[in-house]
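Number of protein chains: 2
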Amino acid sequence: MPKLYWEDFHPGAVAVYGPRKVTREEIVAFAAEFDPQPMHLDEAAARATPLGGLGASGWHSCCLLMRMIADGFVLNSSSMGAPGIEEVRWLKPLRPDTNIRVRVTVLETRPSQTRPEMGLTKFRYELLDETGNCLTTMVSTAMLGRREPGERA
Amino acid sequence: MPKLYWEDFHPGAVAVYGPRKVTREEIVAFAAEFDPQPMHLDEAAARATPLGGLGASGWHSCCLLMRMIADGFVLNSSSMGAPGIEEVRWLKPLRPDTNIRVRVTVLETRPSQTRPEMGLTKFRYELLDETGNCLTTMVSTAMLGRREPGERA
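Residue numbers (this note's numbering), protein chains in the order written: chain A, 1 to 153; chain B, 1 to 153.
So here's chain A without its partners, still in its complex pose (with noise of 0.2 Å):
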């Protein structure tokens, strides 16, 4: 596949990646390491919760999120990272043994107004089960690699 530069990415493109099976095992074992709340680690306590029964930590949901795109697009791509995170909303809950796959849309694109060889793309990433139920959305702003340098702004 041809790599991807800032150019490759059109408002409204839509691309699906994944999926990507999540297991009980994992779902505990991240929220041992990093969100030790006992609704990601214990099916008896979690039904207690808001959550109703175990479900994974919403930075999980991110982080597997995180690595479809990067399988996805990201690594092929002229990616520079990202300044941050616009928004994160936790919809559904992930629960153990759901097939993922990850919906991304493309919603604004830019050049750069001080760097001639980046423009910034603005995504919408949508964490989707297999019934395509919508469980986390998160939108984002990449920085990218063009493949014709602009004019200095």
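Hints listed in this document are in silico derivations from the structure and should not be mistaken for laboratory results.
Mixed in with the good hints there might be a few duds.
One copy or two, either will do: identical chains are not told apart, so a pair holds if it fits within one copy or between any two.
Capping the alpha-carbon separation at 20 Å, the derived lysine to any residue pairs in SDA-like fashion look like this [stated by the list, open to error]: (1) K21 / G132; (2) K3 / A48; (3) K92 / L120; (4) K3 / T49.
Start from chain A and add chain B according to the hints.
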């Protein structure tokens, strides 16, 4: 320490938790699992990237921040989770062997309009290195159980 409820968080209050040291091995292991971009995996490859040398995945910074606040106060609170994240800014790279802390500021607090047993508290989190530089900021609203349920709105 007595358990913390929604009523115990007052706007303007500040606390610092940690420290935690993050090693090169942890940075590389996290990246290999969740964010396998060269700038998080290999020192030589990282020098040619905007990070200018090996730095942790931004998601790793978020996860380390989560663990420090979990140990710092969340696990000793009536936390009911969070609906999402309002903003993350990755300001400076997190380098190997940095001793990090997290400074927590209460920004706003309000009762839930629909659930008398719950309140909402917006926090700003700042991930700091040993000299006080801020590496990452995060804003998120937590759902917290109330010590004394309020009137239904």
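Status of the hints after comparison with the structure:
{"no.": "1", "hint": "K21 / G132", "result": "within (14 Å within a copy, 40 Å between copies)"}
{"no.": "2", "hint": "K3 / A48", "result": "between (48 Å within a copy, 18 Å between copies)"}
{"no.": "3", "hint": "K92 / L120", "result": "between (30 Å within a copy, 19 Å between copies)"}
{"no.": "4", "hint": "K3 / T49", "result": "between (45 Å within a copy, 17 Å between copies)"}
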